[in-house]
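Number of protein chains: 2
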Amino acid sequence: MIEMDDAIRIVLENTQLIDTTTVDLMDALGYTLAEDVRSDIHMPPFDKATMDGYALQGGDIASASSNTPVVLDVIEEIPAGTVPQKVVGQGQASRIMTGAPVPDGADTVIMVEDTESEANGQKVRVLDVTQVGENIARLGEDVMVDQVVLEKGALVRPPEIGILAAVGVVRVPVYRKPIVGVIATGSEVVEPSLKPRPGQIRNSNGYSMMAQALRASAQIKYLGIVEDDAESLKRVIGEGLDTCDIVMLSGGVSAGVYDLVQDAMRDLGVEVLFDRIRMKPGKPLTFGVKGKKLVFGLPGNPVSSVVGLELLARPAIRKMQTMTMWHHAQVKTVLKADFRQSPGRKQFVPAHSVPGEHGVWTSDWVGHHGSADLFALARANSLFVVDAEVEHVPAGTALDLILLEEW
Amino acid sequence: MIEMDDAIRIVLENTQLIDTTTVDLMDALGYTLAEDVRSDIHMPPFDKATMDGYALQGGDIASASSNTPVVLDVIEEIPAGTVPQKVVGQGQASRIMTGAPVPDGADTVIMVEDTESEANGQKVRVLDVTQVGENIARLGEDVMVDQVVLEKGALVRPPEIGILAAVGVVRVPVYRKPIVGVIATGSEVVEPSLKPRPGQIRNSNGYSMMAQALRASAQIKYLGIVEDDAESLKRVIGEGLDTCDIVMLSGGVSAGVYDLVQDAMRDLGVEVLFDRIRMKPGKPLTFGVKGKKLVFGLPGNPVSSVVGLELLARPAIRKMQTMTMWHHAQVKTVLKADFRQSPGRKQFVPAHSVPGEHGVWTSDWVGHHGSADLFALARANSLFVVDAEVEHVPAGTALDLILLEEW
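Chains as they are written, first to last, in the working numbering: chain Z, 1 to 407; chain C, 1 to 407.
Note that these hints are calculated values from the structure, not bench results.
It is possible that part of the hints are untrue.
Which copy is meant is left open, so a pair is good if it fits within one copy or across any two.
What the hints assert, rightly or not - DSS-like cross-link-like pairs, simulated, lysine-lysine; straight-line CA separation at most 27 Å:
id	residue 1	residue 2
1	Lys195	Lys152
2	Lys319	Lys346
3	Lys86	Lys195
4	Lys319	Lys292
5	Lys152	Lys319
6	Lys283	Lys234
7	Lys195	Lys221
8	Lys234	Lys290
Take these sequences, add in the hints, and give me the full structure.
Structural data, given as C-alpha cells:
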C-alpha cells in the first residue's frame with residue numbers, strides 16, 4: 001500500500017514520450033506540436049494599410065483641418081489583393097483599402113472618415129491631420145521569414161490554428177494522441193444494448209472510462225468485456241498491449257479475481273509497480289509497465305474508477321504528448337457542511353462547488369452510497385481533498401479542491 | 001454604437017432553441033439531453049455482494065473471533081453473473097464474488113479476508129464478526145425502475161455516459177450542435193495551402209474562427225473565401241443561411257466594404273441589430289438575425305475577431321443547445337505592471353495569467369501591435385477587462401479576468 005503522491009510520481013516517472021505524426025490543419029486542434037514552426041513569409045508581407053482611406057505624403061497634410069482642408073489629386077484606387085501601379089508624389093493620393101499594399105512614395109494613410117471625396121473621386125479633401133506613418137503596418141513587423149512562430153511542444157488552440165494557417169502549414173507535425181484500450185472485466189457484465197438477465201449488470205464503467213480518456217486527450221479503442229477467466233484476460237490484455245499505448249481494465253482488482261488480472265499481466269511481461277493506494281475511493285488500483293506501454297487496473301466501483309483515472313491515468317495521457325498541464329486545476333474551497341470520515345486513507349470526495357467573489361470556492365458534499373454510486377458523480381463538478389489522519393472536517397474549513405469542470 | 005453588455009443581451013435574446021436529434025452513446029459526449037432519461041431496471045437489479053466473501057446468516061457468526069472461529073458448511077459457489085441455486089440455512093454459507101446476487105436465506109456477506117477456507121473449500125472458518133446486512137447493496141438502492149436518472153438539458157460528461165450505459169440508452173436524444181458556417185472575406189485573401197503573391201495574405205481568421213466554434217461546442221462548415229463583391233457575398237451568405245444555424249464572416253465590416261456586407265445581409269432578409277460596439281478590440285462588429293438564424297460579421301483584425309467570437313458568438317452557440325454555462329469562467333486578477341489606454345471603450349486585453357495561492361490571479365499584459373497580432377494571442381490564456389472611462393490602471397489593481405484556458 002503506497003501513498004497517493006508516490007503513486008502519481010511512479011506513474012509519471014514511467015510515462016515516456018510518444019511518437020509523432022502529421023495531421024491536417026483543422027484536425028490539429030488539441031494536439032501538441034512535434035517541431036518548431038517557422039514562417040515562410042514576412043508578416044505583413046508588405047507595408048499594409050490598416051484602415052480604409054488615402055495613402056499620401058504626410059507632409060502634404062500637416063496643416064489640414066475642416067476649416068482649411070487640403071485638396072489632393074487621386075491618382076489610383078488600390079483595393080485589397082492588388083498591387084499599386086503608381087508612385088504617389090507631392091500633392092497626390094491613392095485611394096486605399098484595408099489590407100492593401102501602401103504605394104511607393106506614400107508614407108501615411110489617412111482614414112476615410114477624415115476626408116471628403118470630390119470631383120467624382122478624382123480629388124480628395126483632407127479635413128484633419130494625422131501623424132506621419134499612421135495606419136500602416138510595416139513589412140515584417142509581426143514576423144520575419146524563417147522566424148519561429150510556434151515552438152515545439154506548444155498546444156494547438158484556436159490562435160495557434162490561425163498562426164499555422166498564416167504561415168501555410170496545412171499538414172501539421174504533432175505528437176500522436178495515445179491510444180487507450182479499455183477492457184471491462186466480469187462474467188456478470190453485458191453490453192448496454194442488452195437487457196441484463198438475473199445476476200447480470202450492464203457495462204457502465206467501460207463507457208465512462210472511454211469518455212474520460214477522450215476528455216483527457218487520448219484516442220480510444222474498446223476491447224470489450226472479458227469474463228473472469230485467466231486465458232481470456234491474457235488474450236485481451238495482450239491484444240491491448242499490441243495495439244494500444246495504455247491499457248485500462250475496469251474491475252478484476254478486488255480480492256477474488258485480483259490474482260487473475262495480475263497473473264495475466266505478469267505472464268504478458270508487465271511489471272506491476274503498485275496495486276494498493278492509501279486513498280479513498282479507489283484503494284485497489286494496479287499499475288504496471290511493459291516498455292513504453294502502461295497498464296491501469298482500475299477498481300470496479302464507478303466512483304473509484306472515475307477518481308483513479310482522473311488523478312492517475314489522465315496525467316500520464318497528457319505527459320506522453322508533452323502537454324504541460326498534467327493535472328486538473330486546483331483551488332481552495334470552504335465546506336458548507338460538516339464532513340466526517342474514518343481516518344486512514346487520503347479521501348477525494350465528489351462535490352458540487354461554486355466559485356465565490358474573491359476566488360475561494362464553496363463546496364457541497366455530494367452524498368453517495370459508498371463508492372458505487374455513479375449518480376452522485378453526475379451531480380459533482382469537483383473533488384475536495386481530506387487528509388488521511390483527519391476524522392472531522394467542520395463546516396467552514398478551507399480545503400484543496402480539484403476542479404473537474406472541463407468534463 | 002452600443003455598450004458591450006447590451007450587445008451580449010441582444011445576442012442572447014435573439015438566440016432560440018435548436019432542434020433535437022439522436023446520436024450513438026459514445027458520440028453523445030458534450031451534447032445536452034433533449035429528454036429526461038429513465039432507468040429500465042432497478043439498480044442494483046438484485047441484492048448484490050459488494051465484497052468477495054461468504055453469504056451467510058449474520059446471527060451465526062455473532063460470536064466469531066480468531067480465537068473462537070465459527071465453522072460453516074459451504075453449500076454453493078456464486079460467481080458474478082450467475083444466479084444462486086440454494087437457500088442458505090443456519091450453519092451454512094455460500095462462497096460469493098463481488099457483484100454476484102446474494103442467495104435467499106443469507107442476510108450478510110463477510111469479507112474473504114476475515115475467513116479461512118478448509119476441507120477443500122467445503123467448510124469456512126469465520127475469524128471475525130461483521131454487522132448483520134454488511135457488504136450487500138440492496139435491490140433498487142441506487143435507482144428504481146422508471147426513475148428519472150438524468151434530466152432533460154443535462155450536459156453529457158463522462159459520468160453521464162456511464163449512467164446512459166447503465167440504463168441501456170445506446171441511442172441518445174440530444175439537442176443538435178449548431179452548424180457554424182464560416183466565410184472569410186477579402187479579395188486579397190488566399191487559402192493557407194497557397195503561397196501569397198504580392199498584395200495577398202493567407203486566410204488565417206477563417207481557420208481560427210472554425211477552431212473557436214468547435215471549442216465552443218458547434219459543428220463547422222467552411223464556406224470559403226469571398227471577394228469584396230456584392231453578388232458573391234450575397235450568394236455565399238445565402239448559402240450559409242440555407243445550410244447553417246449561424247453564419248460568421250471575417251472582415252468586410254470596416255468602412256470601405258462595410259456596406260457591401262450589410263447590403264448583402266439586408267437583401268437576404270437579415271435584420272441587422274447592431275454594427276458597432278463600444279469595446280476594444282472589435283468595435284466594428286455586425287450582428288443580425290433571420291428567423292432562428294444568426295449572422296455575425298466579425299472584424300478582420302485577428303485579435304478583434306477572436307475576442308468578438310468568444311464574448312458574443314460563443315454564448316449564443318451554447319444557449320441554443322440549453323447549456324447552462326454560456327460565458328467563460330471569470331475570476332479576479334491583479335496586474336503585474338501598469339496599463340494605460342485612451343479611454344472611451346471597454347477594453348478586453350489579452351494576458352498571460354497564473355492562479356495565486358488564495359484564488360486571486362496575477363496577469364501579465366501580452367503586448368501586441370494594435371489588434372492585428374495573432375502571435376500575442378498565442379501567448380495569452382485570458383483577457384483582463386478595463387472599463388471604458390479608465391485611462392491608467394496601476395500595477396497591483398484588481399480587475400475582472402475572463403479565463404480562456406479551456407481553449
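### Violated hints - listed by number, lowest first
none
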